[in-house]
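Novice: The chain contents come next:
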Amino acid sequence: MTKTIFTQEFIIESVSTANVVSGYCTILASETIHADGITGMIYFEARGRMTSQKEHVLTIELAHDQALHKKETYTLPFSFDLPADSIESYSGKNVSFSYSCDIILAINENDSSTIERSAFTKIKAVVSSKNEIKTTHYFNFENKNRPYEVFEIKEKFYLQTNLFISLIFILIFGAIYSYYIPDFNTLYIVLGVILVFLLVFVSNQFIKGALGKVSLETLQNDDGFYCKIYKTKKFNLSNQTLYYEIIEEVTDSRGSSTSTAIETIFTSHKKPLTDFRDTSTIQFNYPQESGLQSVNYKDVSIFWRVVLEGNYYGNKMKYSRKFKVDKRNPSV
Amino acid sequence: MKTNLTYNPFSGLLAEDINAVLVPRFNMEALISKIKQPEELLTIEFLGKQGRGKTTHLRSVHQQLKEFPIVFLNAKSSASEVLNHTKEILFIDSIHHLKIKERLQLFKQKKTIVYTTHYTRKWECLIAKKKIYSFQFNGIEPETLQLILNKRLLLATPEGLECENLFSVKDSTVLIKKFKDNYRAIINHLYETYQ
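Going down the list, the protein sequences come from chains P and W. Its first residue numbered 1, the first sequence is counted upward by one per residue in the working numbering. Its first residue numbered 333, the second sequence is counted upward by one per residue in the working numbering.
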């Protein structure tokens, strides 16, 4: 008896602003066969340097009671609506988001013995006891029709720990230690580390107090967004610049220890803050690349932050504030 | 990422893919039958340093005994997460996050516990009057590593395509020379190469 071999394709043609994904699936059988049903199971996958995740999103019916005639190509169109909060496909440094579709072909019981179990695909096709054949197709979901949209906030900036000051304290501690206690002593080392942390914290608090508050307000704009900076009179840094960056943060909790990988995936142009008295407003454009909006999913976070940089008595100080950016809602 | 692969083959494994890439260090069938029909109260420990495959083996065994709970402990976990389970068989990753008193209570309470640990818990099992089977996770053979890496590559290869650039024993020997038996360090290194 000649065994039936299948060939299959899964094509995404378009994604509309309302997250409607449309495309078609083609199927070709080498022998005539009857399919009780052809179903597509859509999954979202997050894979990376972490515990990977796979979540069922929805199920689509491609065909029901379908006779597949010998060497005839069947084109099965489909259209499905992904949830509004669906994460777009993304390939970063330590994580990737993608979508997969399992095409499940339910063979009529009378034809099940005629299926070639190894030739549908060399690796992954599964012929289950339920007379089902499953193949997996990967596809990208990118909604380029929906532009970015900043969430409007008004929040204060946070002063980032100054590495130079930390280094100074470490060097001072190292010099005192090597002069007075030349031998290795765990207790003194631990006490020294605690002292350095304490001094860095105190110096940070002192600088914060000396400079006063500085706040950020984000405002929507057609092609980009505005950052409005508010400062007190005593806040006075030289060579102030403002920019934003997009950070990818992946926590790897596999096994018995946890580690976090932080990567900057986008940095905007640095814009100088000139004639900055009480407030200053800077406009930024969004990145050209799609799929970089804020994401918080299991062990993965993609976030945006504005950075205010300037010099304070020769030390580069960095203030930052996280803000959220999503894709514009199609109904607006 | 390499264009002929559907995803990075060295990313974290999905639960459903574990058994497809695992090269067991011991007879899984025998272990599973022992867990299912324990002749006596027992604990099974997967012992070794981090990144040696203990959790992967634990998840693999659990895949075949899904009716029993698996708990992944971390520094923030509480003992109630494991003690409140009513099932007689329990899988626990990183049992060292429990205090010794909690571990003793757990060993006395449950019939069978399968867990991962950095240090052996044989004295605690002795106090709890539990028989212990310990599986050591150290060392890796170039042939085994080659098999694991190639299984991962094959799994990420699109259907119908031939898998290119398979790893040779020479490749895996070079990796072992650089990373020793730290399997996770090898996988993380390859993840960067393929991303």
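Take the hints with a grain of salt, since some may be wrong.
[Said to hold, decoys possible] Partner residues aside, some chain W positions facing chain P, computed with beta carbon under 8 Å:
#, residue
1, 382
2, 450
3, 452
I should point out that these hints are in silico values taken from the structure, not numbers from a laboratory. C-beta: ideal position from N, C-alpha, C; glycine also.
Novice: Please go over all the hints and tell whether each is borne out by the structure.
Specialist: Against the structure, the hints:
no., hint, in the structure
1, 382, "holds (5 Å)"
2, 450, "holds (6 Å)"
3, 452, "violated (14 Å)"
Violated hint: 3 only; the structure is consistent with all others.
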